[in-house]
Amino acid sequence: MSVPTVSPRGVAETRRMLAGHMNELGLLAIIVILYGVFGALSPGFLSANNQVNILRDGATIGIAAWAQTLVIVAGEIDISVGPMVAFIAVIMAFLMKVPVPLPFALIGGVVLGLCLGSLAGVLRAIFSVPSFVATLGLWSALRGLALFMTNALPVTFDDNDTLDWIGDNVFGLPVSAVVMVILFGVFVFVSRKTAFGRSVYAVGGNANAAHLCGINVTRIRILVFAISGLMAAITAIMLLARLGSGNAGAASGLEFDVIAAVVVGGTSLSGGRGSMLGTLLGVLTITVIGDGLVLYGINSFVQDVVRGVIIVVAVLLNVAASRRSGRHV
Amino acid sequence: MSVPTVSPRGVAETRRMLAGHMNELGLLAIIVILYGVFGALSPGFLSANNQVNILRDGATIGIAAWAQTLVIVAGEIDISVGPMVAFIAVIMAFLMKVPVPLPFALIGGVVLGLCLGSLAGVLRAIFSVPSFVATLGLWSALRGLALFMTNALPVTFDDNDTLDWIGDNVFGLPVSAVVMVILFGVFVFVSRKTAFGRSVYAVGGNANAAHLCGINVTRIRILVFAISGLMAAITAIMLLARLGSGNAGAASGLEFDVIAAVVVGGTSLSGGRGSMLGTLLGVLTITVIGDGLVLYGINSFVQDVVRGVIIVVAVLLNVAASRRSGRHV
Amino acid sequence: MTGAQLPVAELRSATKRYPGVIALDEVDFSVMPGEVRAVLGKNGAGKSTLIRLLTGAESADSGEVLLSGKPFVEFGQRRTREAAERGLRAVYQELSLVPSMTIAENMFLGNWPRRRRVLDHRAMAEQAREALRRLGLSLDPRLLTGTLAPAARQMVEIARAFLGVPRLVILDEPTSSLAAAEVDQVCNAVREAAAAGAAVLYVSHRMSEIRRLADTATVMRDGRVASTLSVAGARTLADTATVMRDGRVASTLSVAGARTEDIIQMMLGRVEQARPAHTSAIGKTTLSVEGIAMPPKLRNITFDLHAGEVLGIAGLLGSGRTELLEIVMGLRLPSAGSVRVRDEKIAKPSYKGMMQRGFGYTPESRKEDGIVPLLGVDENIVLTDFSRVTRGGVLSSAAVESAARTVVERLHVKTARLETPIVTLSGGNQQKVVIGRWIHAGSRILLLDEPTRGVDIEAKAQIYDIIRALAAEGRAVLFVSSEIEELDQVCDRVLVLRDGVMAEEHIAPSIDAERLLAACIG
Amino acid sequence: AETKIGAIYLDSQGFYAGVRKGVQDEAASQGQKIDLLETNAGGDVSKESAFVDTLIAANVKAIILSAVSADGSVQAVRRASRAGIPVVCYNTCIEPNAMKKYVAAYAVGDPFTFGERLGGAAADYFESAGNKNPTFAVLNCEFVEVCVQRRKGFEKALMGRLSGAKIVSNQEGTVLDKAMSVGQTVLTANPNLDAFFGESGGATLGAVKAVRSQGRVGKTVVFGSDMTSDIARELVSHEVLKGEVDVSGKTIGRAAFKAALLALQGKEGAATLIPVPIDLYTTPAEATAWLESHKDGLP
Ligand SMILES: Nc1ncnc2c1ncn2[C@@H]1O[C@H](COP(=O)(O)OP(=O)(O)OP(=O)(O)O)[C@@H](O)[C@H]1O
Ligand SMILES: Nc1ncnc2c1ncn2[C@@H]1O[C@H](COP(=O)(O)OP(=O)(O)OP(=O)(O)O)[C@@H](O)[C@H]1O
Ligand SMILES: [Mg+2]
Ligand SMILES: [Mg+2]
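Chains as they are written, first to last, in the numbering used here: chain A, 50 to 378; chain B, 50 to 378; chain C, -11 to 510; chain D, 278 to 576.
Quick caveat, the hints were computed from the structure, so don't treat them as lab data.
Treat the hints loosely; a few may be bogus.
Straight line, CA to CA, 20 Å or less: simulated SDA-like cross-link-like pairs of lysine to any residue [unchecked claim]: (1) C:K336 to B:N265; (2) D:K310 to A:N348; (3) A:K242 to C:V106; (4) A:K242 to C:A113; (5) D:K429 to A:M198; (6) D:K433 to D:K443; (7) D:K310 to A:Y345; (8) C:K402 to C:Y452; (9) D:K298 to D:G308; (10) C:K58 to C:R69; (11) B:K242 to C:A387; (12) B:K242 to C:A386; (13) D:K281 to A:S96; (14) D:K496 to B:G93; (15) A:K242 to C:D108; (16) D:K572 to B:F143; (17) C:K272 to C:F291; (18) D:K572 to B:P148; (19) B:K146 to B:V159; (20) D:K572 to B:F197; (21) A:K242 to C:R110; (22) B:K242 to B:L326; (23) D:K433 to A:N200; (24) C:K355 to A:A256; (25) C:K336 to B:H260; (26) D:K310 to A:I347; (27) B:K242 to C:R379; (28) C:K340 to B:N265; (29) D:K443 to B:N348; (30) D:K496 to D:E404; (31) D:K377 to A:T205; (32) C:K355 to C:E314; (33) D:K429 to A:F197; (34) D:K496 to D:N408; (35) C:K58 to C:S47; (36) A:K242 to C:P101; (37) C:K272 to C:G296; (38) A:K146 to D:A347.
As the structure is a computational prediction, the values presented were derived from the model and not from experiment.
Please construct the entire structure, taking both the sequences and the accompanying hints into account.
What follows is the structure, encoded as structure tokens:
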């Protein structure tokens, strides 16, 4: 027979690959639909300028979302993101005001983020405080502390060229978006290709099995929260650069957006399952919806309604698609 | 020997009883400590008047928290509480404005709560949308809808004696607190003494096993959300009576307080474990902290800090106590 | 043999307490290189606890743990890793796989092959495939373990234990969900490892395997070592062994020709009474399965089940016995065929509908699908039918208690109290509860999938008795087991599922384990 | 064609519904067809900044905004200005120096003056009541900067005239239910409290309701900010609420849109201050008049 056929093995392979990524494909389809609809509705939506905005807004959610993915995959949750970002930004602003040289101020913020994250991690891993409670405590305490220290007024400091550069664009792309993309690469690598990353999945999937196989569960748990704190610090730097001042009230509700992006991306809140790519698409979905609705110019309250509906519908379609592909895990 | 001794069996029984309620005892101790500290710090704290205030504030969290306990025991979460309360209150206020007679307006609100709750339940149980996403959608949509319908302005209606009575006291106790206590009794009864209540624990503990025992898992899941919607409606009635108008922005962040109360009360976010009594004590803890701090009159930002710290410390002590009593399940 | 050899693993008067129980009571234990040691004892005797001390999963309250003569260097969480690095591998009794990870990743859990600090997925898959092949498995190592049947998961874990060059392999009931062919593979692997100088600890409730495999056996009872003795007389450690009972020396046995009955007696601490031979009157047909097909596994399944009958289904692993039960219960949709209950033809069974027709089903994975871990024994029993314990819509504590007590007493469930969370019971007792809940529901037709998994000899015998007694009441039982030997003990009739059809039928009293096995393989 | 205008509201309060109405009314009266792209920053500078970027990308012809923060919102406004989009502040704006550079016009009832007017009214009340040392409790919204300004103005006017006046408590409470519950607790802590100062509409109404529910009518009075229908009705009854200060959202919206239109046509210089009247209501008659003239309830 001379008809060339795709080798059955090849077909099966491809099908398996696709089935394994049904979730991501579904989200991609949803994003494409959103682009189509918004592009048709509002002329400015597809402009390069607006795409850059989407990237920049995405960076605020994204950077924290990469870490949150690890946290949720490990079977935990970190709701302290928003206040932590604001608090660290305020502290860095105070440092800049002294003035401490920029690098030291930033390093100070990063160390602070690591410490605060680790604190939550230690409470969870060593003292067995549920992570929702531990980070709820931080959520309340950090927001209060930041507001108290600043009297809810912005903390300003002298202009700094490097910081301005961080808040600006390179080659037409926002620096924050570039940082987000680089960090995405790092997190994809860490989550797939390092012992630590796989240990996070193991701990979230079956902490007992992970322990029995010699994985230090306590360490992994502390680390994921420390990383979450670190990413909050990096988000804080981006925010500081963008706003040019430290604002205690900033990043309000960020934790909601971040967790929503991760969950929309298909990561299960019960742990063990999830992917960075899914989260990336979740971040895009959330950001595109937000941006597109503003551009379309409907009433700002109605935007909330539409956003809520779209998120549910997106996940609904995605679940239905994944189910049909037979992966009803 | 003539020395009378407690029978060893009696001692063992008692010890076992106590060990089983270590969590509740720990919380009780924490509440007693809080009362001691606040009582010493602010003279008005122990006044009858203030106790009534604590009860009234507790009712706002409590009624929703009873239902949330069931939701969380079933392994789900409902973050739509706050917006749902506000939305239902607004709709009832509109109905009263028409004017629809009070009973019909209230019944309308209750039916609405049941429907909205069931919607979340159906999304979860039938369409497999994770409950966090389903209720996040409602959270966003209902708040937006309420604000949009009212332009963020209060919806007022003619005075109504019955409604005023609901917002007032009977025998020196706020009606809302009385309702809370009655509903507490109902929920204790339902959770312990009915097939439905025990099925909720079974579904949260092991949904597969529950299904194989013939429990209709889908039905249980829809029902817990419907009940959560119902309790949101009752909270909305209390709110409406108290405020005398429908406010779209009201009950903001209520979901946080409610979930915190349930989790502080020892219910596990992973489902299958939890008690109404624990939640009651959790509600009291959260309310007493809130009230005591305002009464003590410290800066409201510092209050957030103190609140965050106390919640974590309370849970920390509680976990440590439960551990020592050997229940490290 | 060099006399200077150190034991690979050793416990010196190790004690481990849990709230309310002493799991290990001053136990001395050691195992030498190249030795295959069986660890025997009833459910709850302390076997798994002993193992968890050796692997560093838990630390002893007092006493010493030595690996190759040296104690652990690390503390707490880090011990499991140290044990692994010192050549210890273990298959734990509870499945310790991460369902959301691939077979390959699970096999190297926590110890993934790396190239320049980066995980080498390709090498991992290769090595995993090779290790699986050595156990006669042709699974794709990139599959998620969560999608595997229990038996396949168990095999993956066993393959994990034989990776690399282990010095001590611990297998805690590795074959509880395996059938004969796989057990052979496991036995081969154990012998190879022992020949290469590794010590093997083998926990099992299946006496036949012990006899095939073990050089020596340690019998445990009530947290103590009752005796260490030679099983086959091949490489004996001692000519005599001391049997301890209740902390005191009870008797000394000659070990060279240790008989199974003696070993059982040591485990139980008493002589096992002979059970009466079962008889029950076979009644009318209650269930007819007609031409059920679900390609590729099931092609055309037809059989009848009668009241008062215990019908066994034998087959190799993956032959589709679980699927068959699931189809009958309405948990799966067949591509063809129907079931008939008494005279009613049911084209599309639904689970609830089958329950209402008096069917009861116990799944093969007790932990995942059977028990509700945190609920009490009583509630786990009444879960199948609340209406029997409600009075006017309200659960009656008294009714729950009496219903649970009836079942607990009838099935000899050993539990401190009725409201004890079921997860704290031994496996055998959990299994009795899972069966018992259908007695509570008054089911007339029971479909039992591997009901004796992980259950000790005594409890197994009790479960057989229960099944026979149920049949004697006129109930019908469909009994699926991978332990061929037990089929001839309980069944009136055994059907062999092979190549998607019921290939053979064996009728009591001419059911014979050897012939059944041959029939399964075909 | 429709003119695309961006509007950013500071948070979700009824006041901004008035602003929207004002903008729409003004556009209609000028015969302009507008496409209003509106968003709500929720009091968060980071959200505001993101929205400004979105509006720039959407090529709006002008942006009308109530700045979340005097210093914190500068960068966002500057970006819009550099993109050639005229920015008109209303209600609140960025700090004066930056305002001169980047803002086309500022329609304002200055928050400090706003506070002062009410402080004056409070001083009047207690002077005539013969109470030289009244005690005040504040229900605040001070996580937003304007509210701090309002209090500072209030304190200045009040203390300036009654040196014995004292603020004994300052607690957050701006959503009605929270404000009411905090108000009750504050009354418990200060049983002899003379007056509340509500920094926002929700705070004011919450204070009134707290006073009523704790049976303090006739003993504790309330001075409040931001008018709504039910606040007006409270003032009509005059039992608890004795003074209310307000900047009309509609008026400010009209003024802002007018300024935006002028800026669009390049007619105005930088940073024109457009004063919007700050209205003080102290008598039932004034309140009744407000209710008459605001039948739609929009402030
Ligand atoms: N984590 C635990 N908490 C409390 N008690 C425990 C725990 N683990 C084991 N036990 C108790 O310790 C005793 C020994 O249990 P172990 O699991 O070692 O028995 P086993 O010999 O392995 O039994 P099986 O044959 O059923 O596996 C039992 O009484 C058991 O109930
Ligand atoms: N030895 C094996 N080799 C390859 N795959 C296996 C093996 N054992 C089990 N499996 C996998 O598990 C599935 C069979 O499990 P299943 O429970 O459906 O069969 P079963 O006949 O009911 O087995 P059991 O004897 O455990 O009841 C197969 O589809 C296969 O994917
Ligand atoms: Mg065991
Ligand atoms: Mg099977």
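Does A:N200 lie within 20 Å of D:K433 when you go C-alpha to C-alpha? holds (19 Å)
Straight-line alpha-carbon gap B:K146 to B:V159, limit 20 Å: holds (17 Å)
Would the pair D:K496 and B:G93 pass a check requiring their Cα atoms to be no farther apart than 20 Å? holds (18 Å)
Between C:K58 and C:S47, does the CA-CA distance stay at or below 20 Å? holds (15 Å)
For D:K377 and A:T205, compute the direct alpha-carbon distance and say whether it is at most 20 Å. Answer holds: D:K377 to A:T205 is near 19 Å, not above 20 Å.
Hint check: A:K242 vs C:R110, CA-CA at most 20 Å. Holds or violated? Holds, at roughly 11 Å.
Restraint check for A:K242 with C:P101, where alpha carbons must lie at most 20 Å apart: Between A:K242 and C:P101 the Cα gap is close to 11 Å, so the pair holds against 20 Å.
Has the given pair, D:K572 with B:F197, been kept, meaning a C-alpha gap of at most 20 Å? holds (19 Å)
Holds or violated: D:K572 and B:F143, Cα atoms, limit 20 Å. holds (17 Å)
Between C:K355 and C:E314, does the CA-CA distance stay at or below 20 Å? Answer holds: C:K355 to C:E314 is near 18 Å, not above 20 Å.
Starting from B:K242, check that the Cα of C:A387 is at most 20 Å away, please. holds (12 Å)
Given the hinted pair A:K242 and C:V106, is their alpha-carbon gap at most 20 Å? holds (6 Å)
When the structure is compared with the earlier hints, no violation turns up for any of them.
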